[in-house]
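Peer 1: Sequence:
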Amino acid sequence: MLRSLVLATLATLAATTTTAAGLGGVGGVGPLPSLPLLSSPDTLPDTLTDTLTVTITKSGHRNADGTFELECGDKPGGTHPAAARACARLDGHAEAGRNPFAPVAKDRICSLQHGGPATARITGQWRGRTVDARFSRADGCEIERWENLEPVLPHVR
21 MLRSLVLATL
31 ATLAATTTTA
41 AGLGGVGGVG
51 PLPSLPLLSS
61 PDTLPDTLTD
71 TLTVTITKSG
81 HRNADGTFEL
91 ECGDKPGGTH
101 PAAARACARL
111 DGHAEAGRNP
121 FAPVAKDRIC
131 SLQHGGPATA
141 RITGQWRGRT
151 VDARFSRADG
161 CEIERWENLE
171 PVLPHVR
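Heads up: the sequence shown begins at 21 in my numbering, then just goes up one per residue.
Think of the hints as simulated: they come from the structure by calculation, not from any bench. Glycine included, every Cβ here is placed at the ideal spot set by N, Cα and C. Any given hint could be a false lead.
What the hints assert, rightly or not - Here are the simulated SDA-like cross-link-like pairs (lysine to any residue), alpha carbons at most 20 Å apart as the crow flies:
#1 K78 x E162
#2 K95 x R109
#3 K95 x T69
#4 K126 x A153
#5 K78 x T139
#6 K95 x D70
#7 K95 x T139
#8 K95 x G148
#9 K95 x G144
#10 K78 x C161
#11 K126 x E164
#12 K95 x K78
#13 K95 x H113
#14 K126 x Q145
#15 K78 x A153
#16 K78 x V176
#17 K78 x K126
#18 K95 x A114
#19 K78 x P171
#20 K78 x H175
Said to hold, decoys possible - Computed beta-carbon distance windows for the label pairs:
#21 E89 x Q133: 27 to 37 Å
#22 K126 x G97: 29 to 39 Å
#23 K78 x N168: 13 to 23 Å
#24 E167 x R147: 14 to 24 Å
#25 A125 x K95: 31 to 41 Å
Can you make the complete structure from the sequences, with help from the hints?
Peer 2: If you want it as structure tokens, here you go:
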């Protein structure tokens, strides 16, 4: 929404400046400098704090079930029981250029195995992107996806 508003404002300003200059009238503000108005996730500062809410249900481990806050930045924190290791795992995904929250591709063939009733939902901000991801252990692909995020998600084999 903000991006659309900024782009619309810049387009209007550019059109007004061009029109005024084209009519031989007083020039507007001149050409706009190239400014990074909206940063892409790859150009965000390293000091950005990622904040995620991790909710686990039916893991079979009383201490693993619940809702935990995970903050990854200069110093890992929050209520997540393994915050430092979880942030390190997410950093590894980022350095490799992987999105650990991406769903399983619809055309992927997955083994028919059940890994238990555990479910998870992760919401928040990671690397400048909004996250709203759901996890289960319903088939081989979902199990792999879950295990790829351990220790953000608990070990529940």
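Peer 1: For every hint, state whether the structure bears it out.
Peer 2: Right, here's what the structure says about each hint:
no., hint, verdict
1, K78 x E162, "holds, 15 Å"
2, K95 x R109, "holds, 14 Å"
3, K95 x T69, "holds, 9 Å"
4, K126 x A153, "holds, 15 Å"
5, K78 x T139, "holds, 7 Å"
6, K95 x D70, "holds, 11 Å"
7, K95 x T139, "violated, 28 Å"
8, K95 x G148, "holds, 17 Å"
9, K95 x G144, "holds, 18 Å"
10, K78 x C161, "holds, 19 Å"
11, K126 x E164, "holds, 15 Å"
12, K95 x K78, "violated, 30 Å"
13, K95 x H113, "holds, 18 Å"
14, K126 x Q145, "violated, 25 Å"
15, K78 x A153, "holds, 17 Å"
16, K78 x V176, "holds, 10 Å"
17, K78 x K126, "violated, 25 Å"
18, K95 x A114, "holds, 17 Å"
19, K78 x P171, "holds, 17 Å"
20, K78 x H175, "holds, 12 Å"
21, E89 x Q133: 27 to 37 Å, "holds, 32 Å"
22, K126 x G97: 29 to 39 Å, "holds, 36 Å"
23, K78 x N168: 13 to 23 Å, "holds, 20 Å"
24, E167 x R147: 14 to 24 Å, "holds, 21 Å"
25, A125 x K95: 31 to 41 Å, "holds, 35 Å"
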